[in-house]
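Please arrange chain B on chain A, whose structure you already have, making use of the hints.
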Amino acid sequence: MNTPAPTRRQFLFGISAVAGGLLVGLPESRAQTGHGEVTAWVVITPDDTVTIRVARSDMGQGIFTALPMLVAEELECDWAKVRAEYADTNENLTRDKPWGDMVTSTSISVRASQEYLRQAGAQAREMLIAEAAARWNVTPVSCRARGGIVSHAASGRALRFGALAAAAARRPIPENVPLKAPSDWRLIGTSAARIEAAPKVFAEPIFATDVDLPGMLHAAVKNCPTIGGSVVAFDHAAVAGLPGVRHVVQVGKDAVAVVADSWRQANAAVEALPVTWDESIGTGVSNATLRTLFREGLADPAAAIGHRIDDVGASLGGAAQIIDVEYEAPFLAHATMEPQVCTAKVTAERIDLWAPTQNGEGTTNTIARVMQRDAAQIFVHKLQLGGGFGRRGLAQDWARQSVQIAAQVPGVPVRMLWSREEDFTHDYYRPMVLARQTAGFDAQGRLLGWKVRISGSSIAASLAPFWLKEGVDNALMDGFVEEDMPYAVASFEVGVARRDSHIPVGFWRGVNLSQNGWFREAFLDEIAAMRKIDPYLLRRELLSENPRALATLDAAAKLAGWGKPPAGRHQGIAIVEGDNAWCAQIAEISVTDGRLKVHRISCAVDPNFVVHPDITVQQIEGGIVQGLAAALYGEVTVEDGRVQQTNFHNYRYLRMEEMPVIDVALVPSLGRYGDRWGGVGETGLPPLAPALTNAIHPATGKRLRSLPISNHDLRV
Amino acid sequence: MPVLKVNGSPHEIDLPDDTPLLWALRDTLGLLGTRYGCGAALCGCCTVHADGKALRSCVATLADVAGAEILTIEGLGTAATPHPVQAAWLEIDVAQCGYCQSGQMMQAAALLREIPKPSDADIDAAMSGNLCRCGTYSRVRAAIHRAAEFI
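Protein chains in written order, with the working numbering: chain A, 1 to 716; chain B, 717 to 867.
With the rest of the complex left out, here is chain A (with noise of 0.2 Å):
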């Protein structure tokens, strides 16, 4: 792992965006003295406050509190001494990249930063050490550090870190310190204290949403109601006149803005603004034509094969029963709390941007990019999301506009907010995916073969087309490849042909595996009732020879109390490996009259690691509560081309009276099955969807095969 090494110091002046307070508008303000920085990641003030710099972002998922932990364990400091502050987009640029990558994905923040920042600790602790050393004229080794203080055991002596920062910082960085064993860790492990928290309850102004500076205007955008069309013409004079209206502009091909005093009086011109569009790349394009494209797609005889084991074609060729079906999941909407939102300056010095991104760098290139300036003339301003579940990371369509509309106002702020309404129809969707599987059984029902195909709208070739590999987008089968297709079976293949439409999608939380992984369990639940066998009993035989699987599967089938349910009630069972960390659950359900019930969904998961076990609670509840919300709701559809969905009366979200009780049981490996951290963001959200359907099926004897569940009739 790269340890990215600190080039230069510099002293922040405490803007730490949370204990005092976020200071939006200071983008000046890093004055650089060379004072306090011991390192890239850590500053230290001589009042003993230890600011540590996280380079990704948070967006609720908690790494304001989670990335310094893995700091602080190795630094030895007061854990109530400490403050979070994001590391600075353009010094990352100008630095050469001290605090690596700042992308804010696939569950990536803590398992693939924990060994650089654990190291990061260490680097500072023994500056502070060796600095302490000297000043005493004893060795480093006679000397520790633990709660903010070197101590010299043999005479004594103390001094605080806030006394020796200055001095430590000018000592060389030393190299590939050694590292606690986990067995050491005191604060990893543990619930700390949420640096991030009272802000949020004290609503103090976080959120790009609330940045507020000098001269800010406001603007309100109306993009193209066909995604992808384009403005034909627009009567900028039909709205001039109304209160507040300083600018009617076109944004990009695409869209037009009005700037106003106000963000009301912009959305009010705007929204009377005659615009003329040209949607005829949607003409007809609908959930129903969409589904045709897709079904050919299924029967591509040159779909791309993505892994194979022995000859499933012969395998199904000699089965004497076949189940030959088709799965749909529909496209899904972020809905993030926080509308896309932005605020922009452009000069001919620089651009800034106050923005709530999952990618500092990735809006610094896209600005770069479409305004044609050098990467180093771009000051991203992270903030707090409002929610990200990937609708910020490469989808960077909100920031390109909020610049584009700032560019047509030079020299003066303006803050970009859509308006719901354009929020859900202007998404990078979740994609719209279709699964056929086939399944051959000999006459005694043991399973002989198995076959997948998958078609659908590809997120490589939507927003990172250098990804595909000569034209194939393997992650459009996750959860089915040699890495992550967990079951040992004899015959088996799956295989891809993607169709693109004009419906631009985009990472979701759990991405592929969001499909992919309810159509995987979904459909073992069918082999198994063929087999007649017990689910939670296939799974164990077929996870045989992967003792961490079955170790997070018992785990979820002891908390659930597996096969005993109440009387009335039923259970399903699923299991999914998400970003290295395993993840079961077990809904358990009624169906009354056609009204379905989930009472309580029990969730076993491993993530190897466990940084802080309440937040790693919270996002496994946050994955159920949105993967529960999706099946039992969630669907955007098509219709002439336009986006149908506008609102949350029409894209319905899970509401309080129909949370069930989430029972979580952390089931850490520790390492016993390998070194690699696993990520919980997201993988609490894949197991829910087949756990829920697969409870469905003993309650009504209904196999539901598209998504959501209310399009169907539960009525047995």
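By construction, these hints were calculated from the structure, which means they are not laboratory data. Bear in mind that the values here come from a model prediction, so they are computed numbers and not experimental data. A portion of the hints provided could be inaccurate.
[To be verified] Here are some chain A residues the structure puts well away from chain B; computed CB gaps all over 10 Å:
#	residue
1	D96
2	E115
3	R135
4	E175
5	P225
6	V231
7	G318
8	Q372
9	M530
10	G561
11	S590
12	P708
[As the list claims (entries may be wrong)] Which bits of chain A does chain B cover? Going by a derived footprint, with three or more residues having C-beta under 8 Å, they are:
#	stretch
13	205-216
14	620-626
[Said to hold, decoys possible] FRET-style restraints, in silico, Cβ to Cβ:
#	chain 1	residue 1	chain 2	residue 2	range
15	B	E807	A	P566	28 to 34 Å
16	B	G768	A	D261	31 to 37 Å
17	B	E865	A	D534	39 to 45 Å
18	A	E483	B	E807	39 to 45 Å
19	B	G746	A	E657	32 to 38 Å
20	A	G701	B	G768	49 to 55 Å
21	A	S706	B	A837	32 to 38 Å
22	A	K702	B	G746	52 to 58 Å
23	B	G783	A	T292	57 to 63 Å
24	A	D593	B	E865	37 to 43 Å
25	A	R715	B	D836	24 to 30 Å
26	A	G701	B	D836	28 to 34 Å
27	A	H599	B	V719	49 to 55 Å
Where is the CB? At the ideal position from N, CA and C, for every residue including glycine.
Positioned in the frame of chain A, the structure of chain B alone reads:
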């Protein structure tokens, strides 16, 4: 000029009386803790109190709240003197992204004002209009029960 009473202080507001209260709070008074989520009373992000009752400020106009005492999250409590709901929210660690939480806490505070010891059914009835995409509902429920113990 119309006067709007917010968090105990009167403010002269020079806005049309069909302006939703939300925008008067955010854009005119600079009270940024009340947040826009849907603009149609569908998500509860913008919840404030008018004379002690929960109100969706994205649809309630200045005319609707004329003469009412408005309380926003900024007036609910502070770090030094938190409202019991805020103290419970911190203890239970409710928030994930936090964007909807001002509305959740204001709705919860209104519930506790009306029913000091709410049952789960009372919580379902009062809180089911407040959406949370992060899925904090279990903790919202637990924190309301905890806040009831503080009151």
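**Message:** Hints numbered earlier in the text: which of these fail when held up against the supplied structure?
**Reply:** The structure breaks none of the hints.
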